[in-house]
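Colleague: Sequence:
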Amino acid sequence: MAYGKALAALADPTRRRVFERLHAGPRAVADIARGMPVSRPAVSQHLKALKEAGLVADRPDGTRRIYFIDPQGLGALRKWLDQFWDEALIAFQAEAAATITIAPVRKSIRVRASQGHAFEVFTSGLGRWWPRDKGIGKMPMKAAVLETKLGGRWYELAEDGTQTNVGKVIVWEPPRRFVMTWDINSQWKPDANVSSEVEVRFIPDGTDATRVELEHRKFEQMGAEGGNKMRKDVDGGWPGMLERFKTEAEPK
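First residue of the sequence shown: 1, per my numbering; consecutive thereafter.
If you're looking for bench data, these hints aren't it; they were derived computationally from the structure.
Treat the numbers as computed from the prediction; the structure is a model and nothing was measured.
It is possible that some hints are incorrect.
Below, simulated DSBU-like cross-link-like pairs (lysine-lysine); rule was C-alpha separation at most 30 Å, straight line [to be verified]:
1) Lys252 with Lys107
2) Lys168 with Lys79
3) Lys189 with Lys232
4) Lys138 with Lys229
5) Lys149 with Lys48
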């Protein structure tokens with residue numbers, strides 16, 4: 001293992017200083033040894049060890065030898081170290097996502113409709129009130145569709161017949177509530193890797209009336225910047241959507 005020899009060679013602090021002096025470019029032994037706390041022959045021995053480890057190469061220059069860092073040997077060491085750096089970045093991202101907290105968006109509206117009717121209009125009747133100009137697909141939207149079952153999709157049906165997923169039902173408890181993923185990133189593009197979550201509850205509120213409570217949460221899945229942007233966007237968007245739903249659900 002080339003990186004093993006390189007690590008062993010660099011374990012000696014004096015040898016590391018010799019190696020670091022080549023960072024600025026090729027140098028002769030006398031130049032490297034100048035100012036070092038060891039003799040010139042000792043520096044030569046350190047250079048020999050670095051060369052055997054594949055970190056240093058040399059070339060003749062008259063009666064002298066010029067030493068320089070060997071990119072090939074250094075590349076092998078860097079490749080070995082990079083795998084730990086990649087793993088560290090993944091762990092850091094996971095830890096950052098776990099420690100970021102972004103408050104949920106909570107909205108509610110009272111609808112003059114029974115619990116069952118309100119639930120039906122919000123779910124299977126989604127296409128009757130969800131605006132067609134609020135799509136995330138590449139083509140103009142023909143209708144919004146929610147498949148009314150556990151695991152069902154919320155998707156957009158485009159005018160050309162293509163479908164774009166918005167989310168998936170992960171809790172289905174008619175007529176009380178449902179929960180779905182919101183598979184949209186902060187740029188309003190489909191992205192199931194940064195899903196937030198939407199829960200809608202339907203609570204009887206007097207005779208033939210229902211209080212509909214919506215909670216949009218888990219924005220931290222997008223990171224601090226993306227999550228806060230999405231939260232701001234939906235905080236301003238859900239009230240208008242709920243009003244459209246109310247208009248459709250209430251008797252004309």
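Colleague: Hint by hint, say whether it matches the structure.
Modeller: Here is what the structure says about each hint:
Under the criterion of a C-alpha separation no larger than 30 Å, the hint pairing Lys252 with Lys107 is consistent with the structure, at around 24 Å. Between the alpha carbons of Lys168 and Lys79 the distance comes to roughly 40 Å, so the proposed pair goes past 30 Å and is violated. A hinted pair counts as satisfied when its Cα atoms are at most 30 Å apart, and Lys189 with Lys232 qualifies at roughly 16 Å. With a C-alpha separation of about 22 Å, the suggested pair Lys138 and Lys229 falls inside the 30 Å cut-off, and the hint holds.
Pair hint Lys149 plus Lys48 does not hold up; C-alpha atoms about 71 Å apart against a cutoff of 30 Å.
In this structure, the hints that do not hold are numbers 2 and 5, in rising order.
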